[in-house]
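With chain Y fixed as given, assemble chain L onto it according to the hints.
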Amino acid sequence: MTWLILGSVAMGLALGHWLFPQQLVQYLDTVTTTALYLMLFGIGIDLGRQKEVWLKLWQMGWKVLWIPFLIATGSLAGAALAGLFLGLPFNESTAIGAGFGWYSLSGVLIAEMYNVETGALAFITNVTRELLTFLVVPLVARYIGRFSAVAPGGATAMDTTLPVITKAAGNDMAVVAFISGSVLTTLVPILVPFFINLKC
Amino acid sequence: MIEVLLAVALGVLVGHFNVFSLKPQVIGKFTSVCLIIMLLAMGIQLGANEKLLGDLGRIGWQALVLALASIVGSVLLVRLLESRISKQLEQSKQEAKRR
Numbered sequence: 164m165t166w167l168i169l170g171s172v173a174m175g176l177a178l179g180h181w182l183f184p185q186q187l188v189q190y191l192d193t194v195t196t197t198a199l200y201l202m203l204f205g206i207g208i209d210l211g212r213q214k215e216v217w218l219k220l221w222q223m224g225w226k227v228l229w230i231p232f233l234i235a236t237g238s239l240a241g242a243a244l245a246g247l248f249l250g251l252p253f254n255e256s257t258a259i260g261a262g263f264g265w266y267s268l269s270g271v272l273i274a275e276m277y278n279v280e281t282g283a284l285a286f287i288t289n290v291t292r293e294l295l296t297f298l299v300v301p302l303v304a305r306y307i308g309r310f311s312a313v314a315p316g317g318a319t320a321m322d323t324t325l326p327v328i329t330k331a332a333g334n335d336m337a338v339v340a341f342i343s344g345s346v347l348t349t350l351v352p353i354l355v356p357f358f359i360n361l362k363c
Numbered sequence: 085m086i087e088v089l090l091a092v093a094l095g096v097l098v099g100h101f102n103v104f105s106l107k108p109q110v111i112g113k114f115t116s117v118c119l120i121i122m123l124l125a126m127g128i129q130l131g132a133n134e135k136l137l138g139d140l141g142r143i144g145w146q147a148l149v150l151a152l153a154s155i156v157g158s159v160l161l162v163r164l165l166e167s168r169i170s171k172q173l174e175q176s177k178q179e180a181k182r183r
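So the protein lines, in turn, are chains Y and L.
Using our numbering, you'd call the opening residue of the first sequence number 164 and step up by one each time.
Using our numbering, you'd call the opening residue of the second sequence number 85 and step up by one each time.
Chain Y extracted, bound-state conformation (with noise of 0.2 Å):
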């Protein structure tokens, strides 16, 4: 999936520097609105059938949910400095934080509700978000804390990053990592439009 990912869009700007034509973007609009909508209609069957998480929650019980609270909470308030540092503005910074590395979803979702500028940056940061985890996870776990490698995944510790979680921090950390991966990936399609929208 993620070279199927990296090879779209590589295609696309190959497609679009050399032989896309300019009067065909106007149609491309229509095109990729329906696809955003039906998208996050299918993002929204397969989070509402997840009635494994539920389960898993139920019995660990309600104050894992801490951690995903936390890991949100941490990586919108280092967006929003790195923004600062870098003279981005508040909403654009803190949208990009809230792809929590989900890389796909928020640089299009960016990139459709906002300019396609900021989509990329959103896309390149979450990739690199991702690809930062592969290496930290096995630091931080040794040194800083088995609960806190959970962290740095974000809403991939569910999926792409859960066997580097686990592998570090120790197999009973799986279940807490799924269930955080599982809500701020239910949060991303929520909390990225929110944060893009805001006007200050």
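Derived from the structure by calculation, the hints contain no laboratory data.
Hints may contain errors.
[What the hints assert, rightly or not] Taking lysine-lysine pairs in the DSSO-like style, the calculated list, with each CA pair at most 30 Å apart, reads:
hint	chain 1	residue 1	chain 2	residue 2
1	Y	Lys214	L	Lys177
2	L	Lys135	Y	Lys362
3	Y	Lys226	Y	Lys214
4	Y	Lys226	L	Lys177
5	L	Lys171	Y	Lys214
6	Y	Lys330	L	Lys171
7	Y	Lys219	L	Lys107
8	L	Lys135	Y	Lys226
9	L	Lys135	Y	Lys330
10	Y	Lys219	L	Lys135
11	Y	Lys214	L	Lys107
12	L	Lys177	Y	Lys219
13	Y	Lys362	L	Lys113
14	L	Lys135	Y	Lys214
Here the structure is a predicted model, which means the values were calculated and not measured.
Relative to chain Y, chain L alone:
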């Protein structure tokens, strides 16, 4: 904004009550196709934007700073409460056993 949330919420309801009784793979394929269309379109818009292509170096640097800051922020906050979380989860596990 409202439309986006409505689309997700409608999906959640449909998924929760299994209205269409579709296989998970079918939905997965469906969202993947939509996603690829949008990624292609995003790529096309990027590729047609000369100014942006020239800016990729700056964007890469900004992305690295943003990604690192998000990771550091989230790790710091979880670290602050790590011992408390671990204790609380231990407690609720034992309570669950007693029940």
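Okay, the hints, checked on the actual structure:
1. For the hint linking Lys214 (chain Y) to Lys177 (chain L), the alpha-carbon distance of about 21 Å falls within 30 Å, and the restraint holds.
2. At most 30 Å may separate the alpha-carbon atoms for a hinted pair to count; Lys135 (chain L) and Lys362 (chain Y) meet this at roughly 26 Å.
3. Taking the CA atoms of Lys226 (chain Y) and Lys214 (chain Y), the gap is near 18 Å; set against the 30 Å cutoff, the hint holds.
4. Annotation: proposed proximity of Lys226 (chain Y) to Lys177 (chain L) holds, straight-line Cα distance about 11 Å (limit 30 Å).
5. Pair hint Lys171 (chain L) plus Lys214 (chain Y) holds up; C-alpha atoms about 27 Å apart against a cutoff of 30 Å.
6. This hinted pair checks out: Lys330 (chain Y) and Lys171 (chain L) have alpha carbons roughly 22 Å apart, not beyond 30 Å.
7. Only pairs whose Cα atoms come within 30 Å are accepted, and Lys219 (chain Y) paired with Lys107 (chain L) is accepted, the gap being roughly 22 Å.
8. A distance of roughly 48 Å separates the Cα atoms of Lys135 (chain L) and Lys226 (chain Y); the hinted pair therefore is violated under the 30 Å criterion.
9. Under the criterion of a C-alpha separation no larger than 30 Å, the hint pairing Lys135 (chain L) with Lys330 (chain Y) is inconsistent with the structure, at around 43 Å.
10. For a cut-off of 30 Å, the pair hint linking Lys219 (chain Y) to Lys135 (chain L) is broken: about 48 Å separates their Cα positions.
11. Restraint check: the Cα-Cα separation between Lys214 (chain Y) and Lys107 (chain L) comes to about 15 Å, which is no more than 30 Å; the hinted pair holds.
12. For the hint pairing Lys177 (chain L) with Lys219 (chain Y), the CA-to-CA distance comes to about 12 Å; that is within 30 Å, so the pair holds.
13. The hinted pair formed by Lys362 (chain Y) and Lys113 (chain L) fails the criterion: a straight-line CA distance of about 36 Å is larger than 30 Å.
14. About 46 Å separates the Cα atoms of Lys135 (chain L) and Lys214 (chain Y), which puts this hinted pair outside 30 Å; it is violated.
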